[in-house]
Amino acid sequence: MAQSNLHIHTSMDIVRKMTLASCPESVTELEKMTKEKFKIDFDFCLSYEDPDFDGQLCSLIDIEELPQKAVLKLVRSQSDASSIASDDTIILPHAMTPERTQRWPDVCPVPAFTYEVELILVEGNLNHERTGKTLKLSRGQKHDILETLASKMHMVAEALVTTHPCLKEPGTQTGWYGWKNSLKFKMGNFCTKLSRAGYSEVAVNSGKRSRNNPDKQSPHTDIKRPKRAEVNFLPNFPKGEDGSSLERQRLQIVDEVIRTDKNLPLIAKLMQTTFSLRRKEVINDDLPVGEILERWPALKMESQICAEFHRITNINLKNHFYSELDRHVPRLQSLFRKKAARTGKVSEVLDQLFNTYDRQVNELQIDNIPVGLLLISATSTDAAVFCPEKVAVVLEGNTVVDFPTFSDAFVMLFALIYGLHLSYPKDLANTFDFIQKVLMGLEDGKLKPRVLSLKNDLLSTE
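Each residue of the sequence shown is one higher than the one before, counting from 1 in full-length UniProt numbering.
Bear in mind the hints are in silico, worked out from the structure with no lab data behind them.
For clarity, every value in this text was computed on a predicted model and none was experimentally measured.
Here a beta-carbon is modelled for each residue, glycine too, at the ideal position from N, C-alpha and C.
Be a bit skeptical, because a hint or two may be false.
Said to hold, decoys possible - With a straight-line cut-off of 20 Å between C-alpha atoms, the simulated SDA-like cross-links for lysine to any residue are: (1) LYS338 <-> ARG450; (2) LYS339 <-> SER460; (3) LYS168 <-> LEU119; (4) LYS318 <-> ALA159; (5) LYS136 <-> GLY124; (6) LYS446 <-> ASP255; (7) LYS426 <-> SER460; (8) LYS39 <-> THR28; (9) LYS300 <-> LYS390; (10) LYS455 <-> PHE321; (11) LYS300 <-> ASP255; (12) LYS136 <-> TRP176; (13) LYS280 <-> HIS310; (14) LYS446 <-> LEU119; (15) LYS300 <-> GLU324; (16) LYS136 <-> LEU126; (17) LYS186 <-> SER138; (18) LYS318 <-> PHE42.
To be verified - Label pairs and their calculated CB-CB ranges: (19) GLY290 <-> GLU443: 24 to 34 Å; (20) ARG248 <-> GLU169: 18 to 28 Å; (21) LEU335 <-> GLY171: 35 to 45 Å; (22) GLU443 <-> ILE40: 28 to 38 Å; (23) LYS390 <-> LYS338: 26 to 36 Å; (24) ASP367 <-> GLU389: 41 to 51 Å.
Hey, can you work out the whole structure from these sequences and the hints?
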């Protein structure tokens, strides 16, 4: 390895740079250099995105395995395993990070078009600025714009006319409604091409069996579709892997999880590689929760619950959740007191999420609980609700994992709902929508009226 510049994410929003004059002789030496340079006071191991497996995360065991240009991640040791999902990151220059792991930008960038169209748009924008006249495109020019946009992103009509005001449609209220419809049809054609090419996230919904085509797959009307801003919903198998090879790695995970001395980096690596197989079982096969947890016991580990959420959304679960919660708690408490005092109904609905288990009575049946938290206490006093010994996450009658605090149990419940693609409890749909869209910022542009009202109250300065 020649001289390399490393970009090191030492926290959620601080990026540091380290220059290596030559390749370290070992992984241990690289870890030591990183610790000394940035004064890191916790133990960690290194993982890297392997270009041979479409950027899948692999543990760095031998320094010779490290590509000349690579993306490295700091993975905390077992004592800090809860943050293994998205820890600090080391990025070597010009690293090829897969586009599918990037979050949707707040401002939609408009891609560059062909040289001919770019010249026409520049002239059209200048003319629009002087005279206010819009630009009339030929059929070929419009086709070029739509083809380019369709291959890059969906629903960018508003960004298009904002960047190029000469393309506004005077006959529509928004100025871009016609562009939106044209993009819709163009995206339909684009999705058809992706489906025929074997792209799983599109092909999963493309069954078109008919009288004239009896050999095709039946219409997939019951398939679970992405609905919560998932970045990676149903990815293809990694390059060089198939169902059989991934199944062997799944069995390796099962063997590793039951060990007393678990190899956490190995489990993380295997869970990353088998992510596509797991999503196929969750989305396509629609397996019950109990069967999924039996086949993937690592999903009962806090570190892998966080990691799975990160694979799906590209968000650090606990860091993001608690930072946003801390920011909003004072205002939330004030609003909660006012509304609870006025209606008295808030606590009644929240009670449906919890069940209390008394070790002495031992009569609670959880088989019929689809989604909930189980408060476990040795006594049956009212104080047990406020200070339980532990709080267990329950899904479809299965006790998945327990935690010492309610907050940790709740955020893991939210993550498992994402990881297993479950529906929100009906009576608490607005509560989980608020967590998802306001606190976590996932699909926050589409808020239900009640959630929008709460968000407005939350952000109010009164």
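Results of checking the hints against the structure:
no.	hint	verdict
1	LYS338 <-> ARG450	holds, 16 Å
2	LYS339 <-> SER460	holds, 16 Å
3	LYS168 <-> LEU119	holds, 18 Å
4	LYS318 <-> ALA159	violated, 33 Å
5	LYS136 <-> GLY124	holds, 9 Å
6	LYS446 <-> ASP255	violated, 43 Å
7	LYS426 <-> SER460	violated, 28 Å
8	LYS39 <-> THR28	holds, 16 Å
9	LYS300 <-> LYS390	holds, 16 Å
10	LYS455 <-> PHE321	holds, 16 Å
11	LYS300 <-> ASP255	holds, 14 Å
12	LYS136 <-> TRP176	holds, 14 Å
13	LYS280 <-> HIS310	holds, 17 Å
14	LYS446 <-> LEU119	violated, 36 Å
15	LYS300 <-> GLU324	violated, 25 Å
16	LYS136 <-> LEU126	holds, 14 Å
17	LYS186 <-> SER138	holds, 17 Å
18	LYS318 <-> PHE42	holds, 18 Å
19	GLY290 <-> GLU443: 24 to 34 Å	holds, 29 Å
20	ARG248 <-> GLU169: 18 to 28 Å	violated, 56 Å
21	LEU335 <-> GLY171: 35 to 45 Å	holds, 44 Å
22	GLU443 <-> ILE40: 28 to 38 Å	holds, 35 Å
23	LYS390 <-> LYS338: 26 to 36 Å	holds, 32 Å
24	ASP367 <-> GLU389: 41 to 51 Å	violated, 22 Å
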